[in-house]
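Residue strings, one per chain:
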Amino acid sequence: MEKTVKKYWWLFVLPTMAAFVIGFIVPFVYGVFLSFCKFTTVTDWKWVGLQNYTKIFVVNGKVDTTFLHSLWYTTLFTVVTMLIINVVAFAIAMALTKGLKGTNFFRTCFFLPNLIGGIVLSYIWLMIFNSVLANYSKTIVSTQWYAFWGLVAVVCWQQIGYMMIIYIAGIQNIPSDLIEAAEIDGANSHQLLRYVTIPTLMPTITICTFLTLTNGFKLFDQNLALTGGNPGKQSQLLALNIYDTMYGTTGWQGVGQAKAVLFFILVAVISLLQNKLTTGKETQA
Amino acid sequence: MATKNQKEKNTKAENSVSTVRRARHGTPLTIFFTILSILWIYPIIVVVLNSFKRKAYIFRNPFGLSSVPLSDGFDKWQAGLSKAFVAWLNYQNAIKKTDMFRCFGYSVFITVVSVALIVLCCSMTAWYITRVHNKATTVIYLLCLFSMIVPFQMVMFTLSKFANMLHLSTPWGITIVYLGFGAGLAVFMFTGFVKSIPLEIEEAAMIDGCNPAQIFFEVDVPIMKPTIITVAILDSMWIWNDYLLPSLVLNVNKYRTIPIAIQYLKQSHGQIDWGAMMAALVLAIVPIVIFYAFAQKYIIEGVMAGAVKG
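Chains as they are written, first to last, in my numbering: chain A, 1 to 285; chain B, 1 to 310.
Don't take every hint at face value.
Label-pair restraints from in silico Cβ distances [stated by the list, open to error]: (1) A/S176 - B/R54: 54 to 60 Å; (2) B/A116 - A/W47: 39 to 45 Å; (3) A/I265 - B/I290: 40 to 46 Å; (4) A/A187 - B/V139: 47 to 53 Å.
Away from chain B, derived, C-beta distances all over 12 Å, residues of chain A [unchecked claim]: (5) K46; (6) G49; (7) L76; (8) P199.
Think of the hints as simulated: they come from the structure by calculation, not from any bench.
No residue lacks a Cβ here, since even glycine has one placed at the ideal position from N, Cα and C.
Build out the structure end to end from the sequences listed, making use of the hints.
Following this line, the structure appears as structure tokens:
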């Protein structure tokens with residue numbers, strides 16, 4: 001059969017691969033290449049070696065901390081949102097699998113913000129934050145920490161519902177005889193959580209942890225719409241910092257592309273780490 | 001149909017917990033969650049209220065319908081009601097400023113066509129690379145895996161420039177860009193499912209005289225329906241809400257999707273007409289809520305299945 005199927009490659013593979021080459025392969029390879037060039041468009045470039053990469057950190061002999069600040073700010077943001085989202089989503093999922101009355105209604109409400117995109121969500125919250133802060137003559141971009149907690153609130157509101165759904169799926173998959181056996185053995189609800197629920201849920205916890213991790217590092221829309229990187233460039237997360245370097249200042253496209261390569265390596269390392277952890281867990285189960 | 005399934009699920013969930021525990025915590029928890037879930041969607045309710053208010057009062061009393069908060073006394077509050085209420089004025093402004101219905105049309109078109117293309121092309125590719133074993137198919141699979149870990153910022157500059165050069169800056173053209181950039185995840189998810197389809201039924205169809213295209217569309221596609229729904233849901237959520245890719249690839253002076261229209265309500269110097277913004281946000285949210293109401297079951301199942309595989 002394989003032989004007959006093989007002849008049909010033009011029908012099954014060609015359309016996807018043509019689009020894949022245009023939409024991914026060529027832009028990726030050319031993007032890596034351009035990170036070593038000075039350029040304004042894709043046709044007009046000059047090889048400059050590693051200059052773009054050094055310019056990320058040192059400009060005209062002076063140390064530029066914008067990128068490092070953004071890296072640190074993003075890391076902090078990612079860790080904080082990862083913890084809040086997972087703890088809250090897990091707690092809600094535990095409660096919503098106890099067969100409460102109205103579970104479906106609650107689940108619907110919690111999940112709803114997730115369907116609304118980052119741009120729309122951010123303007124909803126921008127209105128709310130700024131109208132509340134106006135009473136104290138402040139705005140969401142008064143300091144980088146107002147911006148930080150504003151972003152945390154928006155992202156948590158958006159993602160808790162999504163992670164809750166995944167946790168609910170995981171909890172419902174725990175075999176009920178496992179829980180019954182523990183109950184017969186006299187385990188109280190704390191012990192049940194500590195020794196049965198959480199260990200059996202480890203694969204789900206890993207998935208959600210890494211989903212929130214990569215979502216945090218890649219966050220862009222909410223950052224652009226809610227704070228725009230203000231005040232100064234202090235609330236720029238990495239993705240916005242790259243965007244700003246590339247489109248905000250002429251002549252800096254190369255540096256922006258070099259930052260994008262570093263950003264890619266960072267995200268790729270996190271993803272590979274996740275892959276290693278989850279495949280390890282699967283063989284165990 | 002849907003309610004029946006939900007009921008079944010409810011009873012399933014109820015059976016898996018001991019009745020004793022439920023009786024002890026049931027009512028307080030229900031009350032707590034009722035309050036919490038209403039608070040959870042309260043920001044959306046606030047936007048709907050404010051969309052009918054004169055823009056000057058949106059920031060003065062954001063959480064109520066009147067121009068002043070209820071704490072100022074009932075009489076003042078009641079007088080403020082008619083002062084603040086502007087009926088559909090904000091909506092008229094929003095529609096005039098953003099051309100919202102056209103943007104809605106573009107959003108629907110781009111999402112539907114892209115998702116259809118992704119589902120059709122990627123399921124075919126996934127089937128082919130699972131059934132044919134050679135170096136080329138292995139490379140394709142690995143490239144798809146690789147593309148999943150590449151953030152959009154890595155390719156945004158080159159991708160948008162190439163798309164412009166190839167005249168893909170139109171609602172038709174961008175669907176090809178979405179197919180290309182979305183292929184990785186879709187091929188990966190379909191491949192995972194195709195591996196579980198037994199070869200015997202395909203061989204039986206082949207003996208009956210089917211060619212590979214017929215085998216795929218008449219034997220495999222019906223079996224793949226759950227994965228097709230999952231991929232379609234996940235990609236719809238992505239493409240409908242995507243801002244950066246269309247804002248770079250599309251010719252934004254001619255074609256705007258809903259997220260682009262909302263972002264462009266903020267003018268270059270940062271001024272926002274908050275009345276029009278509130279109305280535009282409501283117009284952006286309403287279709288999502290309606291869609292969610294009808295497709296809730298599929299969306300939730302799609303997210304669950306997507307997480308397990310992704």
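Has the hinted range 54 to 60 Å been met by the Cβ atoms of A/S176 and B/R54? 56 Å, holds
Separation of A/G49 from chain B, once the least beta-carbon distance is taken, above 12 Å: 19 Å, holds
Please check whether the beta-carbon of A/K46 is more than 12 Å away from every beta-carbon in chain B. Non-interface label on A/K46 holds, nearest chain B Cβ at 16 Å vs cutoff 12 Å.
Outcome of range test on Cβ distance (A/I265, B/I290; 40 to 46 Å): 42 Å, holds
Are all C-beta atoms of chain B more than 12 Å from that of A/P199? Answer for A/P199: holds, closest chain B Cβ roughly 18 Å.
Okay, A/A187 versus B/V139 on CB: inside 47 to 53 Å? 51 Å, holds
A cut-off of 12 Å on Cβ-Cβ distance, and A/L76 was said to be off the interface with chain B. Does that hold? The claim holds: A/L76 sits with its nearest Cβ about 19 Å from chain B, beyond 12 Å.
Looking only at beta-carbon atoms, does the pair B/A116, A/W47 fall within the given range of 39 to 45 Å? 42 Å, holds
Taken one by one, the earlier hints all hold for this structure without exception.
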